[in-house]
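**Student:** The primary structure of each chain is shown beneath.
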Amino acid sequence: MEAIIVLEASNGLHARPAAELAAMAKRFKSNIILTAGTKEVNARNILSLLTLGLKQGSVINLRVEGDDCEAAFEEVTRFFEHIGQ
Amino acid sequence: MRKIVGTPASSGKVSGKTFRIGQRSLSGEGRRHLPREPFIEEVETGRFVEASSIVHDRLSAHLEESNIFAAHLEILDNISQQVITRIQEGALNALSAVEATRSEICALFEDMDDEYLRSRADDIEDLCRQLSFALTDGEVNPFTPMEEQTILIADNLLVSDTLLIDKTKLAGIALRNGSKTSHIAILAREQEIPLVLGIGEEIDSIPDREMVIMDGDRGEVFIDFEEEMLSALTVRSSRSEQDMNPAFTGDGVQIEVLANAGNLDEVKEAIACGADGIGLLRTEFIFMNGDDFPDEDQQYAVYHACASACEGKSLTIRTLDIGADKQLPYSILAVDENPLLGIRGIRFSLLYNGIFKVQLRAILRASTLGNIRVMFPMITSPEEFQAATSLLDECKSELRNEGVPFDEKLRPGMMVETPASVILASDFAGVADFFSIGTNDLTQYILAVDRNNPYTEGACDYFHRAVQKSLLEVVTAANAAGIAVSVCGEMGSDPQATALLLALGVRKLSVSTNQIARIKEQIRSQVINKE
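Here the protein sequences line up with chains A and B, keeping their order. Just so we're aligned, residue 1 is where the first sequence starts under our numbering, counting upward by one. Just so we're aligned, residue 1001 is where the second sequence starts under our numbering, counting upward by one.
Chain A extracted, bound-state conformation (with noise of 0.2 Å):
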C-alpha cells in the first residue's frame, strides 16, 4: 500500500515524534518504508527517520509491505495526520 503525505507539523518530524513513529512501527510485521527525495528508510530506525530531515513541507512517500499491511498502513496515515493538526 502506498501513500504521498505531505508533512504539516511545523516542527517537522522531530525526535520525539520520531520515537513515537519508530515504536509504532514495530509493533507491525509489516515493513514501513519512507521516502523522501534520494533517501529511504524504514521507519522502525528512529536514526533512520530523523536523517530525512523531514520539514513542514516535505513531501514524503509512504509504503507499507507486509501480512498485516492494512492496520499498519492505516495507524501510520493516523500518525501523519495526528502530528499535522
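Quick caveat, the hints were computed from the structure, so don't treat them as lab data. Where a beta carbon is used, it is the ideal one built from N, C-alpha and C, also for glycine. There's no promise every hint is true.
Pulled a few chain B residues facing chain A out of the computed Cβ check, cut under 10 Å [unchecked claim]:
id : residue
1  : Ala1071
2  : Ile1075
3  : Asn1078
4  : Gln1082
5  : Ile1105
6  : Phe1109
7  : Ser1119
8  : Asn1156
9  : Asp1291
10 : Asp1292
Since chain A is already given, all that's left is putting chain B on it; use the hints.
**Tutor:** Below, chain B without anything else, positioned relative to chain A:
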C-alpha cells in the same frame, strides 16, 4: 560591573555562585580497566548488553519527567543494535564498538544543514557516553561538589547530566555552546531552570566559585555587580522556606496565603512549604511538553494528581493561556503580529472549543475530591465569560449522561487582568464565582508598557496609581457582590506590596512558593483595622 551576553534559552533571573564543570571524558581509572585480554565475541557482547540495560533502566525511571527520555530510549535501542553488529562482524571490543558507532552516527548529523538536526548529535554523544561509562567503572559524579544555589558553567551539558545534578541546588546554567533547540534547552524550559547558552569564548572570563547574576530572559550574565542589583532580583532561591502556621495580621485577621504552581512537583512543594492551597495552577505546562494537544485522560491524570497533592486544600486551575509569550511547539495558530493583543487565553479556547472542552471535561472529572476551582484567563466581556461557562455546562451534562462523577458545585471564576474586566468589574462580579487578579498582565495593559521590553524597564510598575486604583475598584466590586478575590501576579509575592494590598482590602494572596514564609511574616507585622 561586567556583562557577558549569550543566547537566552530558558527564562528566570537568578543570582548564584558559579561552579565550573570541565571537559568530561573517561577517567584514567576507567581506561585502565579496559580489557587487554584477547577478543572473545560472546564476552564483549555480554558486557555490552549489560551496559545497555543499565542505561535503559536509568532512562526508563525518568520517563515521566519528560518525553525526551522516551526518544532517548528509542535511540538507545538503535545504537545498541549497531554496536552489537560491530562487535560481531568487526571483532571490536565493546568500548571500541561504541566509539565507532558514535563517530559514524554523529558525522551523519553534523553534516546536516538544519540546526535542529545538528543538535541531535548531542543526543547520540549523550547516549554513547552513558554506554561507555556503564562499560567501564563509570565516573565519579562531577556535580557532587555543587553547593546551594549554584550557577553551573560548562561547555555543554547533555540530557543525562541532569539526572546527576541535585536540582534543589541548581539556580541556573550558563553554557559556551549549545542551541535553543537542543534537548537540554527544552528540558531547562520544562523544569524552569534559567539557561543562557552560546556564550562562546567569553565564558572563560567568568570566575569560578564567585557570585554572579544571570538573566535567562535576556541571555546575560553579570560579574562584579553592584549590591543593589542583588536586592532588585526577585530571588529564586533553589530551596524554599517552610512556614506551616496560618498567617494572622497583628489584629487577628486571617489572610490566606496560597501558592502559584505550574506542575505537580510545584504543587507538592508549595503544600510542603505551608501554602493554604494553590491559588493558580497554570496548565500551559501540560500542553508545552508534548508534541500535540494532550488528550482528556492525560490531562485528567495530571489534574487529579494535583488535586490529591493539595491534601484537602483548594486548587484553582486556570484554563489554557497560550499566545503572547507562551507559544506551543505544535501550535496551530499563525503567529499574531501583536501577540499580546492577539488570540490568547480565553480567545484561543473559544475559537478552538474542541480543545477547550477536552480540558474542561478533564478538570471536571478530576473534581470529585471537591477542592477544585476553575477560572478563565483574559476575559474582556461578560458575553465571553458566559460563552465559556456554557461550554462548561455542556461538558457537565455530557458527563452526567455518561454517568461520570464530578463536583456538581463547581462554578467558574475568572482572571481579572484586562482593563475591560476592571471597568466592568461589578458586571463580572454578578456572573463569576470568584476573581483572581493577575497583576502582571493587568499592569502592562493598564500602563501600555511591555514588561519584557528592556527600554521600558521600570515603567511597568504595579505601584503606579492607576494600577492601585484599579485594584481598589475590583476588590470593592467583589466585596459588594460577596465573591472571593485574590491577587496572583508578582505583586502578591512582593513583600513590599503586602501592606498596600491589605489596605486595599485583599485578604487572599497567591504567591511564589519561595515567598510563602516571607509574605506570612509580612502579614503578621501588619495591622489592618487601625484605630
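**Student:** Minimum Cβ distance from Asn1078(B) to chain A below 10 Å?
**Tutor:** With a minimum Cβ separation of about 5 Å from chain A (threshold 10 Å), the hint on Asn1078(B) holds.
**Student:** Quick check on Ile1075(B) please, does its C-beta sit within 10 Å of some C-beta on chain A?
**Tutor:** Holds - the Cβ of Ile1075(B) comes within 10 Å of chain A, reaching about 6 Å at its closest.
**Student:** Holds or violated: Ile1105(B) as interface residue toward chain A, Cβ cutoff 10 Å?
**Tutor:** holds (6 Å)
**Student:** Go through the hint on Ser1119(B) and say holds or violated, using the shortest Cβ distance to chain A against 10 Å.
**Tutor:** It holds, given that the least Cβ distance between Ser1119(B) and chain A is near 9 Å, below 10 Å.
**Student:** Would you check whether Phe1109(B) satisfies its interface hint, that is, whether its CB is within less than 10 Å of any CB in chain A?
**Tutor:** This hint holds: Phe1109(B) lies near chain A, its Cβ roughly 7 Å from the closest one there, short of 10 Å.
**Student:** With a cut-off of 10 Å, does the beta carbon of Ala1071(B) approach a beta carbon of chain A closely enough for the hint to hold?
**Tutor:** holds (4 Å)
**Student:** Under the criterion of a CB-CB separation shorter than 10 Å, is Asp1292(B) in contact with chain A as hinted?
**Tutor:** Given a least distance of 6 Å, the restraint on Asp1292(B) holds.
**Student:** How about Gln1082(B): closest beta carbon in chain A under 10 Å, or not?
**Tutor:** holds (9 Å)
**Student:** Does the nearest C-beta of chain A fall within a distance shorter than 10 Å of the C-beta of Asp1291(B)?
**Tutor:** With a closest approach of 5 Å, the Asp1291(B) hint holds.
**Student:** Against chain A, is Asn1156(B) within 10 Å by beta-carbon distance?
**Tutor:** Asn1156(B) check fails; min Cβ-Cβ to chain A is 17 Å, beyond 10 Å.
When the structure is compared with the earlier hints, a violation turns up for hint 8 alone.
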